[in-house]
Amino acid sequence: MAVQITREEAVKKIRNKSSVMIGGFLGAAVPLKMIDAIATARIKDLTVISIGAGYRGGGVDIGKLVLNKQIIKYVTSHVGTDPNLIKQIVNEEVQLELSPMGTFVERIRAGGAGLGAVVTPVGMGTEVEDMAEKIIVDGKPYLLFKPIRADVAVIKAHRCDPLGNLQYKGMSNTSPVMATAADIVIVEVDEMVDVGEIACENIGTPGIFVDYIVKGHSYEERRTIYEELWIATNKL
Amino acid sequence: MSRDYIAKRIAKEFKNGMYVNLGIGIPTESANYIPEGTQVFLQTENGGLMFGPKPKRGESNPDIANAGAEPITMLPGGAVFDVATSFAMIRGGHIDMTVVGALEVDELGSIASWKIPGKLLTGMGGAMDLLYGCKRVVVAMMHTDKHGNSKIRKKCTLPLTAAGVVDMIITDKAVFRVAEEGLYLEELAPGVTASEVEQLTEATILNIMQWEHVLIT
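Which chain is which? The protein sequence lines are A and B, in order. At position 214 of the first sequence (counting the first as 1) the number is 214 in my numbering, and the numbers step up by one without a gap. At position 158 of the second sequence (counting the first as 1) the number is 158 in my numbering, and the numbers step up by one without a gap.
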C-alpha cells in the first residue's frame, strides 16, 4: 500500500549505483522536485532510464544530474536535447544504451508486465539490428529486445489519493508504464485528495503500482515554472 | 522562402480525415497550410491526438506539450494518452501519413536522418517507429546540403533510419514518387528546370526523358 513521505525520505530510497526510471518526456511532465532532490543528495553512479534527455539546451530537470556528473549509464531513445550529456557520452563518462522510442517503451512495459521479451520489426535494415537478437516468426524477421526494469521509478502525476491511485492532468507520457516496472515506485504529485475524490474511471494508474507519494509543486506553481522556461526559450 | 514553398507543398498531401504525424522543422510548419475544409488529425508521439496551436501565456497546461516539449493546446475532441498507446498507433499502422526531414534519401526509398558517425549523436527517438509503421512516408527536405551536394542519393551513405519505406520526396526543387523500381520526377518547383533537377540529383530519375521538353512554369 502507498505511503506519503517527504522528499528527503524518498530520495533515500535511491542509492549510489541504483537504476532509476524517470517519467516525463524531454523535460515535460517530469517530477521536478524529486529530480532536484536527487541532484542535491549527490547520489552517484546512477543508471538513468528515461525516454529522452532533459529539456532542450541541457541543465534543466534531468540535465541537472548530468551537470553534477551523477550518471554513469543512460538508457533511452534520444539524447539530442542535452549537449552536456552528449559530451559525456562522447568522452565515455556515460555509457549510452539506445533503442527506438516505441521499442524502449515496450521494453519497460514487458519489464512491468512479466513478459520475457519485446519482438518488433522496427529497426530491421538499420544498425539497430546489432543491438538485438534476430528471430523469425511465421517467416518474418524481427528483432528481440530484453525487458527493462529499474530499482526505483520516479514518476509524475497530477493528483493522488491515500491509496496511491493516480490521476494525470494532460499527457501521462512514460509515467504509467514506468509505474509497473520498478521495485520501488515513487510518485510526485501536484495535490493530494481523499479516497473517492478521483472517480474510478479517471484513475490513470491504480494504486497497486505505487509505493511512495511525494508532494511536489502545485499545478499553478508548475505552470509558472514551465511558462517561464518556455518564454525564456522562445516557445510561448 | 524555400522552406515556405516546401511547407505549402506538403500541405497538398493532406486529405480529409487523415491521421498524420509531422516531424519537427518544415513538416510541422506545414500544419499552418492545411487546406480549408480539410480536417486532419495531428498526432504527437509523446501522447496526443488532435492538437492545436500554442496556448496563450497564462493558459498553458504544463503537461500538454508536443514531442519537442513545447506548449500546445488540445482541440475539442482531442485525446491525450500514454506513450505505449501512442506507439501502438504509430507502429500498429493506424497513422495514415508521416512527414519527416532527412539527411539523405535514396532511390530505393531508404532514409538516413538520425546519425552522422563522429559528428551527430542524438539517438533515433521515435523516427524508426514512425517510418516503419505509418502507411505513407513523405520526406520533406532541401534538395542539396549546404555544400550543394545532392541529398537524394543512389544509395544512402549515412546509417539508415529505415530501409525502403519512403513513398514521396518533396524538396525546394521538385517532387518525386518513390516506386519499387526507383525514382520518378512528378513536379518541378516554380522556375526550376528538369535538367537542373537532374544535375542536382545523384539518384537516377527513371522518367527524366519525359520531362526534357517541359517548359518552365
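Errors might be hidden in some of the hints.
[To be verified] Simulated pairs of lysine-lysine, BS3-like, Cα-Cα distance not exceeding 25 Å:
no. : chain 1 : residue 1 : chain 2 : residue 2
1   : A       : K235      : B       : K8
2   : A       : K140      : B       : K135
3   : B       : K56       : A       : K235
4   : A       : K169      : A       : K134
5   : B       : K115      : A       : K146
6   : A       : K169      : B       : K8
7   : B       : K119      : A       : K69
8   : A       : K87       : B       : K8
9   : A       : K73       : B       : K56
Please keep in mind that the hints were generated in silico from the structure rather than gathered at the bench.
Does the alpha-carbon distance linking B:K56 and A:K235 stay inside the 25 Å limit? Roughly 11 Å separates the two Cα atoms, so the pair holds.
If you draw a straight line from the CA of A:K169 to the CA of B:K8, is it 25 Å or shorter? Between A:K169 and B:K8 the Cα gap is close to 34 Å, so the pair fails against 25 Å, i.e. violated.
Keeping to a limit of 25 Å between CA atoms, is the pair of B:K119 and A:K69 held or broken? 22 Å, holds
Has the given pair, A:K87 with B:K8, been kept, meaning a C-alpha gap of at most 25 Å? 37 Å, violated
Pair hint outcome, B:K115 versus A:K146 [Cα-Cα no greater than 25 Å]: Answer holds: B:K115 to A:K146 is near 24 Å, not above 25 Å.
Satisfaction of hint between B:K56 and A:K73, Cα-Cα up to 25 Å: Since the Cα atoms of A:K73 and B:K56 sit roughly 38 Å apart, the hinted pair is violated (cutoff 25 Å).
Does the alpha-carbon distance linking A:K235 and B:K8 stay inside the 25 Å limit? Roughly 22 Å between the alpha carbons, so the hint for A:K235 and B:K8 holds.
Would the pair A:K169 and A:K134 pass a check requiring their Cα atoms to be no farther apart than 25 Å? Given that 25 Å is the threshold and the Cα spacing comes to 39 Å, the pair is violated.
For A:K140 and B:K135, compute the direct alpha-carbon distance and say whether it is at most 25 Å. 19 Å, holds
Violated hints, listed in ascending order, are 4, 6, 8, 9; each of the other numbered hints is respected by the structure.
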